[in-house]
Amino acid sequence: MPLSLEEVEEIRRILGREPTEEELAMFEAQWSEHCSYKSSKLLLKLLPSEGRHVVVGPGRDAPAVKVFKDWVVVFKIESHNHPSAVDPYNGAATGIGGIVRDILSLGAKPIALLDMLYLGNPRNPHANWLIRGIVRGISDYGNRIGIPTVAGDTWFDNAFNSQPLVNVACIGIAKPDKVVLTTPEPGDLIIIMGNSTGRDGLLGSSFASKPLAEDVDRDIGAVQVGDPLTEKLLIDVIQILIEKGVVKYIKDLGGGGLTTAVCETAADHNLGAVIYLEKLHTRQSLTPLELLVSESQERMLLVVNPENIESVARVLDEYDVMYSVIGFFTDDGIIKVFYNGVKVAEVPAKELAKPRPLRRASTPPLEVLKGLKPLYNLPPEPNYEESIVKVLTSLNIVSKRWIYEQYDHEVGIRTVVKPGYGDAAVLRLLDGSRRGIAVKGDANPRYTYLDPFNGAANAVAECFRNLVAVGSKPIAIVDELNAGNPEKPEHFWYFEMMVKGIAWIAEELKLPVVGGKVSFYNEDHRGKQVKPTATIVGIGRVDDITKAMTMDFKENGSYIAIVGVTYPELGGSEYLFRIFGLEEGEIPRPRPSSELRNGKFVYKAISLGYVNAVHDISIGGLATALIEMAVKGKIGFEVDIAKVFARGIQRLDEILFSETQARYILEVKGEYLEDLLKLADRLGVKVSIIGRTRDRNSVVFTKNSTVLVNLDLSYLSDIYDKTLEEEIEGGV
Amino acid sequence: MTFIHRVEIIITNKKGVKDPEGETIHKHLILRKGYNVVHNVRTGKYLLLTVSASSEEEAVNIVKEMCEKLRIYNPVVHDIEVRIRG
Amino acid sequence: MTFIHRVEIIITNKKGVKDPEGETIHKHLILRKGYNVVHNVRTGKYLLLTVSASSEEEAVNIVKEMCEKLRIYNPVVHDIEVRIRG
Amino acid sequence: MVKVAVLKFPGTNCDEDVHHVLKNVFFVDSQIVWYKNFSLNGWDAIIIPGGFSYGDWLRAGAIAARTSAIEELINARDIGVPVLGICNGFQILVEAGLLPGALLPNESGRFVCRWVRTYVERPRGPWLSLTTEGYEIHMPVAHGEGRYYIDEENYQNILLKSPLIRYAKGDNPNGSVYDIAGVASEDGLILGLMPHPERSSEDLLPPRGFRPGGRIIFESLVYSLKRGW
Ligand SMILES: Nc1ncnc2c1ncn2[C@@H]1O[C@H](COP(=O)(O)OP(=O)(O)O)[C@@H](O)[C@H]1O
Ligand SMILES: [Mg+2]
Chain A
1 MPLSLEEVEE
11 IRRILGREPT
21 EEELAMFEAQ
31 WSEHCSYKSS
41 KLLLKLLPSE
51 GRHVVVGPGR
61 DAPAVKVFKD
71 WVVVFKIESH
81 NHPSAVDPYN
91 GAATGIGGIV
101 RDILSLGAKP
111 IALLDMLYLG
121 NPRNPHANWL
131 IRGIVRGISD
141 YGNRIGIPTV
151 AGDTWFDNAF
161 NSQPLVNVAC
171 IGIAKPDKVV
181 LTTPEPGDLI
191 IIMGNSTGRD
201 GLLGSSFASK
211 PLAEDVDRDI
221 GAVQVGDPLT
231 EKLLIDVIQI
241 LIEKGVVKYI
251 KDLGGGGLTT
261 AVCETAADHN
271 LGAVIYLEKL
281 HTRQSLTPLE
291 LLVSESQERM
301 LLVVNPENIE
311 SVARVLDEYD
321 VMYSVIGFFT
331 DDGIIKVFYN
341 GVKVAEVPAK
351 ELAKPRPLRR
361 ASTPPLEVLK
371 GLKPLYNLPP
381 EPNYEESIVK
391 VLTSLNIVSK
401 RWIYEQYDHE
411 VGIRTVVKPG
421 YGDAAVLRLL
431 DGSRRGIAVK
441 GDANPRYTYL
451 DPFNGAANAV
461 AECFRNLVAV
471 GSKPIAIVDE
481 LNAGNPEKPE
491 HFWYFEMMVK
501 GIAWIAEELK
511 LPVVGGKVSF
521 YNEDHRGKQV
531 KPTATIVGIG
541 RVDDITKAMT
551 MDFKENGSYI
561 AIVGVTYPEL
571 GGSEYLFRIF
581 GLEEGEIPRP
591 RPSSELRNGK
601 FVYKAISLGY
611 VNAVHDISIG
621 GLATALIEMA
631 VKGKIGFEVD
641 IAKVFARGIQ
651 RLDEILFSET
661 QARYILEVKG
671 EYLEDLLKLA
681 DRLGVKVSII
691 GRTRDRNSVV
701 FTKNSTVLVN
711 LDLSYLSDIY
721 DKTLEEEIEG
731 GV
Chain B
1 MTFIHRVEII
11 ITNKKGVKDP
21 EGETIHKHLI
31 LRKGYNVVHN
41 VRTGKYLLLT
51 VSASSEEEAV
61 NIVKEMCEKL
71 RIYNPVVHDI
81 EVRIRG
Chain C
1 MTFIHRVEII
11 ITNKKGVKDP
21 EGETIHKHLI
31 LRKGYNVVHN
41 VRTGKYLLLT
51 VSASSEEEAV
61 NIVKEMCEKL
71 RIYNPVVHDI
81 EVRIRG
Chain D
1 MVKVAVLKFP
11 GTNCDEDVHH
21 VLKNVFFVDS
31 QIVWYKNFSL
41 NGWDAIIIPG
51 GFSYGDWLRA
61 GAIAARTSAI
71 EELINARDIG
81 VPVLGICNGF
91 QILVEAGLLP
101 GALLPNESGR
111 FVCRWVRTYV
121 ERPRGPWLSL
131 TTEGYEIHMP
141 VAHGEGRYYI
151 DEENYQNILL
161 KSPLIRYAKG
171 DNPNGSVYDI
181 AGVASEDGLI
191 LGLMPHPERS
201 SEDLLPPRGF
211 RPGGRIIFES
221 LVYSLKRGW
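Chains as they are written, first to last, in our numbering: chain A, 1 to 732; chain B, 1 to 86; chain C, 1 to 86; chain D, 1 to 229.
A few of these clues could be false.
Capping the alpha-carbon separation at 30 Å, the derived lysine-lysine pairs in DSS-like fashion look like this [claimed, not checked]: (1) A:K370 / A:K178; (2) C:K69 / D:K36; (3) A:K248 / D:K36; (4) A:K244 / B:K69; (5) B:K69 / C:K33.
Residues of chain B clear of chain D, computed beta-carbon distances all greater than 10 Å [what the hints assert, rightly or not]: (6) V37; (7) T43; (8) A53.
In silico contact screen, one side only, chain C against chain D (beta carbon under 8 Å); selected entries [claimed, not checked]: (9) K15; (10) V17; (11) T24; (12) H28; (13) L29; (14) L31; (15) E68; (16) L70; (17) I72; (18) G86.
Think of the hints as simulated: they come from the structure by calculation, not from any bench. No residue lacks a Cβ here, since even glycine has one placed at the ideal position from N, Cα and C.
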C-alpha cells in the first residue's frame, strides 16, 4: 500500500525536509499495516494482556509466559494468507520460517508448531492446488527444521477458494533468566546473520497490506522461497550463542526487512544507529533502497558487545552461517544509513517505528442480520442415522490425518498426546520432571462470519475447553485476526467486533491475550471479503504428563457422562449447513461462567483419576463427539438421549447436533461414578449419565427405550478416516 | 495420421527467485570437492511425456496448453520450458 | 582459452524402478482432465550448471566425471544424461 | 565406560533425541559430534541420527555421504565399530555405499509420520543381539524418502543372508520392496533403518496399541559392548 498524501506530509514534517527515495521506502515499509498496526492499534488495546504469569506481553517479537517457576513459554501466531494465495508452497513454508524466528528472538528453544488452515473446497481445482501446496509447504519446511507440528485446526469452505487463511504458531521454552536477554546500548554492534539479502520479497509487507491483485504476476518481487536448511542452522547457533551468553539482544528480520529490525530495536531502547549498507552480505547486486526493505528470509539481527564479537564469529563460522557486521547503535535516537560513504537516510527511530494510529470507520453490513436473527421454521427432522453419517463426514469434522501425517509430529520426543488422539497436543518439558504443556489452535469461520463478537468469543472458549480436556490448566492465549479491508467500514466492523468479543471473554475466563497478529485485506479480487476469522492459540499447564488425557474410549462398560446443559442452539451449526445448506441463525451463546465452572470440574475429575477419556463438544454436537470417542477407541456405546440434561428443546436433532458451549463428554470409570457425581454437586455442575460404552461394533442412540440410531462402528471408522484423503486426492 | 512424440518439460525457479537447493549442491558438494570450474547450479523438475499428435509442433502445443490449464507449474515462481526430446 | 558453457543434467529413474510421482501426475491429473493423447509420464530431477571449459565437449566431460565421482545420481536406481543446453 | 558418538550434519535434527535416550534412559555416555570435528577414533559405537542433512537436497543423504566424516566412517567396518543409521542416517549409509540398495521418495509422494509394527529376521550383531527371529518392534516412521529399493538378485544374494527389519503386513508406509524397513551388513555391525527407535524407548511416547519397542536396539548395544556379539 503506497503511502497516502497525508502520510507523506507527516514524513516531511518529521524530517523537516523532502525525504530521500530511501527514506520514503523505509517509511512505506515500516508504516505498512503489516508492520505498524496503524488501523488496529487502538482496538487491540482493549485486549486484556496482563496476568501474574505474563513476563513479556505484547510489544516484543513474541510474548513470554511463566508457566512454571523455572520455565517460560514463548509463543506467537502469524498469518501468511496473501503469499499462500499466490504461491501456496513457498507462502506457507515461509510462514513457518517467520514464526519460528519470532520465537528465536526471545532466545527460546522452539519445541512445537501449529497450523490453522482455512481452506477452499477440495473439489474446486484451484482450491485443491492451493490445499496441496500449503500442506506440502508446511510439511517440507517444518519437518526440515526439526520442530514437530503437533496440532492445528482445519476448515473447508468455498469462501476460501481463492484466498485461503494460513495461520501458523510456534511454541518455545526458555529458562526465565535467559529469556528477556539484555538491553542494547550505544556502541553495541549490529550483526545480520543468515541468508544473503536478495531482491526476493521486496516490500512483501506492503503486499500483505493490500487486496489480492488480479494480475499477481506483477508482484513477483514478493515471492520468497523458503530455505529450511539455513533456518535450522539459525536455530542451532542461537541456542549455542545464548548458552555462551555472548549476545545481548536478538531480533528477526521479517516484514519491513532490515529497516523494521533496526528501527524497532532502536526505538524500543531510545537508541539511534549507524548502518553501512555495503557491508551486508548479498546474493546479487542491490540498490541501497532494496537493501533497506528487502524481505529475504532466514535472517536475524544480533546485538553484540564489541568484546564478544570474536566468540560470536567463531560459532557462526563453525556452523557455516553467513553474517556481516553492518553498524552499531548510538545514543542520539537517529538512524543514519550510509552506502559506500554516502548518507542515504537519516531518520528519527521513534517516529519511523510508530506512525500515528488511524481511527477507522466501522458500520455493520446488512448481511450480518443473517446471524442475528433467531432460526424459525426449521425444516422437518430428517432421518437421524443419515444425518449422523452426513455430519460425521463433513470435511470440517472427519479425521485430519491426511494433513497431520505429513508433518513430523514426533521429532523432539516431547509429544505425549499426538494429533488425532486428544483435543489438544501435550508436550513434555523433558527436564527430568513430569511436567508439560498443552497447546491447541481454534477458530470457526462460520461463527465469526455470522456474528463476529460471539463467534470470536466462542473460539476462545473452544480453545479453553480443548486445553482442559487433555488435563491442562489454560494459562494464556494469542490471537490472529483475519479480516477484510480496514478502509471499508463494513469490513472493519467485523474486525472491531472480533476484538471486542475476544477482549470480553478473555477477561471473563481470566485468560490473558499476551500477543497476536492482524491480517487485513483478506478479500478476493472482486473485493469480497473471505469469512472473517478469529484464530486462537492457547497454552495450558500440565503438572503430570502421565495423567494427560485422550479422547478415545478405553474400556467396556464404563459410564458416559455429559457435562453441561444442552440448549437448542442449531444456528450456524455444522448440522444446519450439511443437512439443509443453511448458514444462518443465532450462533451458540458464549457461556463464560459455565466454561469456568465446568472446566474446573473436568480438570479435577481428570486429576483425581475418575475418567478414562474426555472430549469437548464442539462442531457437530453431542452425536459427533460421542462417535469420535468410539471411533478412536474402537469401542461402541449405547446412550439414551432422553437422559441428556437439556433446556428448551423441541426436537431431537437439537439434542444430537446443537453446538451449545461449555460441554464435555467423559468416560467415567465405574468405580468412581459416585465420587464424580458428588464432585459435580459440590461445584454446581450439571452432569447427566446417558449410557455406557459397549465392547460391540455398534453405536446406539435410544430415546427412552426406542432405538433411534444403530450404526456399525467399523463403517463409521472407515468413513471418518478416509473421507478427507478421498476428497483431496480423488476429488479433482 | 498421428505419431508418438516425446515431449520434455523443465520447470525451474524464475531468474532472480532463490534456489536454495542449487546453492547447497553447489557450495557443499561441488565446490567442496574442488570442481571450481562450476560457477552456478540451478535445480528444477523434469517431466518426460509420451504424446500422440500429428506433428512435433502440435505435441508441444498440447503440452504447453496442458501445463497452463493443469497448473503443472506456478507462473508466479516458475519458468517452464516445453520441448521435443531429441 | 576457456568459455562459459551451460550443461544440463537429467536424472530419471531406471526402467523397472517405479516412478509413482509420474504415475500419479498421469493418472490423477492429466488423464482425469481428458488429455488422453498423453500415454506416459516420467519424472526426474534437472540440474543446470554453468561451467568454464575450453570446449563444449570438455564441459560435458567434466560434468560427466563429476556426476560419477560425487554420485550426483545413484546408479542403483537412476539413469543420467548430461548435455549442453542449447 | 562405553562412549557413543552421535554424528551431526547441517540439518540433522534427531541428535538431541538420540543423545537424550542414550544418556537418560540407558545411562550411556554419548556426545553429539559436529561433522567437521568427527574422527573415528575413540568411539565404541557411532549413531547417525535422523533429520534432513543438507536439506535433503539432491537426494536424502546424498550430500552428507560425500563429506570427509562419512568417508572416514567407511573404515568403521574394518576396525569393527558398530554403526547405526536412523532414518536420514540410514539414507546416508546407503548413499555412501555402506549398505546396499537405495531409498526413493515414498510411493504416496507424501511425507509420512505414523507408528508402525516391524519385525526382525536373522538377528545378528551388536544392534539386535537381544532380539530373536521374528521379534516385533513398534516404532514411528517420519520420512519422505523411505521407499527401499533393491533388485531381486541382490535381495536374494545379499539381504536374505543378512539381518533384516520388515514392516508387518499392512504396515508398510512407503511402498518399500519386500516390506523392508531396515537392512544390515551381513555381520550386523552396520544397521540402517527408517523407523525411529529413539522415539520408542520410553513408556510415555507410544500411542495406544503400541509398545516402546525401540529400546531393544539400544539395550542390545549396551549388552553387546560389554559381552561381545
Ligand atoms: N492443520 C492441522 N495440522 C495439524 N493437526 C491438525 C490440523 N487440523 C487438525 N489437526 C488435529 O486433528 C485433531 C482434531 O482437530 P479438531 O477437529 O480441530 O479438534 P477440535 O474439534 O477438538 O478442536 C487435533 O489433534 C488437531 O490438532
Ligand atoms: Mg475439541
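Going down the list of hints, with the structure as the test:
| no. | hint | in the structure |
| --- | --- | --- |
| 1 | A:K370 / A:K178 | violated (51 Å) |
| 2 | C:K69 / D:K36 | holds (21 Å) |
| 3 | A:K248 / D:K36 | holds (28 Å) |
| 4 | A:K244 / B:K69 | violated (54 Å) |
| 5 | B:K69 / C:K33 | holds (9 Å) |
| 6 | V37 | holds (18 Å) |
| 7 | T43 | violated (8 Å) |
| 8 | A53 | holds (28 Å) |
| 9 | K15 | violated (12 Å) |
| 10 | V17 | holds (6 Å) |
| 11 | T24 | holds (6 Å) |
| 12 | H28 | violated (10 Å) |
| 13 | L29 | violated (12 Å) |
| 14 | L31 | violated (17 Å) |
| 15 | E68 | violated (12 Å) |
| 16 | L70 | holds (6 Å) |
| 17 | I72 | holds (7 Å) |
| 18 | G86 | violated (24 Å) |
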